[in-house]
Each structure stands twice: as structure tokens, then as C-alpha cells.
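> Sequence:
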Amino acid sequence: GDGFNDDQDKCPTVFSKVNNGCPEIKKEIIERVNKAAKSIYFETGKSVLKPVSYKDLDALVTILNSDATLRVDIGGHTDNAGSEEINVKLSHDRAKAVNDYLISKGIAHERLRIKDMDQASLLIKMRQLLKKLKIVVQS
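Throughout the sequence shown, residue numbering follows my numbering, covering 197 to 335 in sequence.
Bear in mind the hints are in silico, worked out from the structure with no lab data behind them.
A hint or two may mislead.
Okay, derived cross-link-like pairs now, EDC-like style, lysine to aspartate or glutamate, Cα gap no bigger than 16 angstroms in a straight line [said to hold, decoys possible]:
id: 1; residue 1: 231; residue 2: 254
id: 2; residue 1: 246; residue 2: 289
id: 3; residue 1: 242; residue 2: 281
id: 4; residue 1: 234; residue 2: 252
id: 5; residue 1: 234; residue 2: 254
id: 6; residue 1: 292; residue 2: 224
Pair ranges (Cβ atoms, derived) [as the list claims (entries may be wrong)]:
id: 7; residue 1: 305; residue 2: 226; range: 31 to 39 angstroms
id: 8; residue 1: 279; residue 2: 222; range: 39 to 47 angstroms
id: 9; residue 1: 306; residue 2: 220; range: 17 to 25 angstroms
id: 10; residue 1: 226; residue 2: 282; range: 29 to 37 angstroms
id: 11; residue 1: 247; residue 2: 292; range: 16 to 24 angstroms
id: 12; residue 1: 305; residue 2: 262; range: 14 to 22 angstroms
Just so it is clear, CB atoms sit at the ideal spot from N, CA and C, and this is done for glycine as well.
With the hints as constraints, model all of the structure from the sequences given.
Structure representation (C-alpha cells):
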């Protein structure tokens, strides 16, 4: 074994002493995913992806297709207009829109996870990522 108990090993078929038993993700991959995530835009107040986002979403699909061990956490963000309830729902709906786009391009739903953001998290993230999407790649 690689030193991780089976219940803690996120990649039991792969030998790795780091990253919960999964291969370490190359810095270049993380940078490419972060670049793509910063270029995903939605219609104001909606979860509809703007067409300008497709190029970077397709780049993310290419990255995911290049390594079947990669998984993605997707968390949507909003600006501070509107009520807490509306913004929390909108952030979820935006993350789901990206999730659905990736699935439509052939990425298995098991590799994707929507991370819901509560209002406190949204407020912290808004200062850094207004109307952006946070995508965290994992192996």
C-alpha cells in the first residue's frame, strides 16, 4: 500500500504517498484550470453562461480528458446585489450550469461536484471573484 487506509485513500488503484493517495496535480494543470475559471461569465442575475465562456470551458474539458483521475469541485459566485436567499440559489445554479456543460461535453458526472456556498462564504469570495466561478481540480 501507499500508507493510506482504504477508507481515506481517494485513489485506491494508484500508488501515491501524497494528496490522500492520489497523484499530485501538476502546477501547470492548476494554473490552466484557474485561468479557465476566471474567464467564465454569466448573464447578469442569471445562471445562463455567456457564449464567451465556451472557449475556456472547452479548455477545461480538454484538461479533464487528458487525465481521467482528475475531479472537479465547482462553486459559483455572485455579486452582492439581491437577498441572501437569491444569491445562494444563484451561486448554486451557476455552478450547476457549468457542471451540466461539462457533462454535455462527455465528462462523467462522478468526476464533478457542486460545492454550495453559504452567504458568509459568498461574501468573502465576492471581494476576490465577483461574478466568477471557482473550480478546484483534484486527483
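> Does the Cβ-Cβ separation between residue 226 and residue 282 fall within 29 to 37 angstroms?
32 angstroms, holds
> Take the C-alpha atoms of residue 292 and residue 224, compute the straight-line distance between them, and say whether it is at most 16 angstroms.
26 angstroms, violated
> Can you tell me whether the CB distance of residue 247 to residue 292 sits inside 16 to 24 angstroms?
Given about 18 angstroms between the Cβ atoms, the range holds.
> Holds or violated: residue 231 with residue 254, Cα cutoff 16 angstroms?
12 angstroms, holds
> Is the hinted pair residue 234 and residue 254 satisfied, with a Cα-Cα distance of at most 16 angstroms?
14 angstroms, holds
> Could you tell me whether the CB distance from residue 305 to residue 262 stays inside 14 to 22 angstroms?
Hint holds: Cβ distance 19 angstroms, inside 14 to 22 angstroms.
> Holds or violated: residue 234 and residue 252, Cα atoms, limit 16 angstroms.
Holds, because 9 angstroms separates the two Cα atoms, which is no more than 16 angstroms.
> Quick check: does the Cβ-Cβ distance between residue 279 and residue 222 fall within 39 to 47 angstroms?
Holds, at about 41 angstroms.
> Starting from residue 246, check that the Cα of residue 289 is at most 16 angstroms away, please.
Measuring from Cα to Cα gives roughly 14 angstroms; hence the hint holds.
> Can you confirm whether the C-alpha distance between residue 242 and residue 281 stays at or below 16 angstroms?
Holds - the C-alpha atoms of residue 281 and residue 242 are around 14 angstroms apart, at most 16 angstroms.
> Does the beta carbon distance between residue 305 and residue 226 stay inside 31 to 39 angstroms, or does it fall outside?
22 angstroms, violated
> Can the suggested window of 17 to 25 angstroms be confirmed for the beta-carbon pair residue 306 and residue 220?
Given about 21 angstroms between the Cβ atoms, the range holds.
The structure does not agree with the numbered hints 6, 7 stated previously, though it agrees with the rest.
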